[in-house]
Amino acid sequence: EAGVTQFPSHSVIEKGQTVTLRCDPISGHDNLYWYRRVMGKEIKFLLHFVKESKQDESGMPNNRFLAERTGGTYSTLKVQPAELEDSGVYFCASSPSPGQGAAVFLADEQFFGPGTRLLVL
Amino acid sequence: SQQGEEDPQALSIQEGENATMNCSYKTSINNLQWYRQNSGRGLVHLILIRSNEREKHSGRLRVTLDTSKKSSSLLITASRAADTASYFCATDAYGNNRLAFGKGNQVVVIP
Numbered sequence: 461e462a463g464v465t466q467f468p469s470h471s472v473i474e475k476g477q478t479v480t481l482r483c484d485p486i487s488g489h490d491n492l493y494w495y496r497r498v499m500g501k502e503i504k505f506l507l508h509f510v511k512e513s514k515q516d517e518s519g520m521p522n523n524r525f526l527a528e529r530t531g532g533t534y535s536t537l538k539v540q541p542a543e544l545e546d547s548g549v550y551f552c553a554s555s556p557s558p559g560q561g562a563a564v565f566l567a568d569e570q571f572f573g574p575g576t577r578l579l580v581l
Numbered sequence: 043s044q045q046g047e048e049d050p051q052a053l054s055i056q057e058g059e060n061a062t063m064n065c066s067y068k069t070s071i072n073n074l075q076w077y078r079q080n081s082g083r084g085l086v087h088l089i090l091i092r093s094n095e096r097e098k099h100s101g102r103l104r105v106t107l108d109t110s111k112k113s114s115s116l117l118i119t120a121s122r123a124a125d126t127a128s129y130f131c132a133t134d135a136y137g138n139n140r141l142a143f144g145k146g147n148q149v150v151v152i153p
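Protein chains in written order, with the numbering used here: chain A, 461 to 581; chain B, 43 to 153.
What the hints contain is simulated information worked out from the structure, not anything from laboratory work. The beta-carbon is built from N, C-alpha and C at its ideal position, and this holds for glycine as well. Keep in mind that a hint or two might mislead.
Partial list, computed: chain B residues near chain A (C-beta under 8 Å) [stated by the list, open to error]:
1) Gln75
2) Arg83
3) Gly84
4) Leu85
5) Leu90
6) Thr126
7) Phe130
8) Asn139
9) Arg140
10) Leu141
11) Phe143
12) Gly144
13) Lys145
So the derived label-pair ranges between C-beta atoms look like this [claimed, not checked]:
14) Ser110/B with Leu544/A: 29 to 37 Å
15) Asp516/A with Thr106/B: 45 to 53 Å
16) Pro521/A with Arg92/B: 41 to 49 Å
17) Arg122/B with Ser518/A: 33 to 41 Å
Whole structure, please, built from the sequences with the hints as guidance.
So this is what it looks like as structure tokens:
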């Protein structure tokens, strides 16, 4: 079974430019998450998709960040315009949904991709 | 908001020795997970322990969870050079899929 994949692995752009990161979750996983780790800080949650819907986007830092998951398969995270403080590693993760009829939506193991290393100059 | 926080220590041990690292958090959780990140690689899930569990084993890994103290420990027994990595704990709260990560513990295993 293929794991979570992310593209590109590295991106170097200039301040003010636009960058789009892509994440392909594990096939069949309804849940898709974006996290990022900026220099010297903890890995921080950005947002959570359930299929194509944004379940929780409370971690998105500002409106320069736009995440989409059209069709409920892969997801993109666009940063426009990029700023210096956006540099870091952007991780994507996916997880399956609990069985049908579950009364409580329990979090489960999240499978992470290798990350995209973004450097904004 | 809840947050996993490892003891901010870097461990340097000899191959064959055991490595222990701790993690504390602040609010009620559904589960606590430990991840490993090798240099330049992604996060690899190691083990998940639920709030109603106290101890869990997986191979050379042993995780404990003390919900009364809001803390967890990860023990790696008989360490190998390949265990050299950063180790993160992550927590999530009931009904909340957001993982809150700690700063990570750097472990170096010397062959």
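Hints, one by one, checked against the model:
1. Gln75: For Gln75/B, the interface hint holds, since the closest Cβ of chain A sits about 7 Å away, which is under 8 Å.
2. Arg83: holds (6 Å)
3. Gly84: holds (4 Å)
4. Leu85: Where the cut-off is 8 Å and the nearest Cβ of chain A is about 4 Å from Leu85/B, the hint holds.
5. Leu90: holds (5 Å)
6. Thr126: violated (18 Å)
7. Phe130: holds (7 Å)
8. Asn139: holds (5 Å)
9. Arg140: Result: holds, 4 Å to nearest chain A Cβ.
10. Leu141: Holds. Min distance 6 Å.
11. Phe143: holds (4 Å)
12. Gly144: holds (6 Å)
13. Lys145: The hint holds - Lys145/B has a Cβ within 8 Å of chain A, the shortest such distance being about 5 Å.
14. Ser110/B with Leu544/A: 29 to 37 Å: violated (43 Å)
15. Asp516/A with Thr106/B: 45 to 53 Å: Check failed, 29 Å falls outside 45 to 53 Å.
16. Pro521/A with Arg92/B: 41 to 49 Å: violated (31 Å)
17. Arg122/B with Ser518/A: 33 to 41 Å: At roughly 39 Å between Cβ atoms, Ser518/A and Arg122/B fall inside 33 to 41 Å, so the hint holds.
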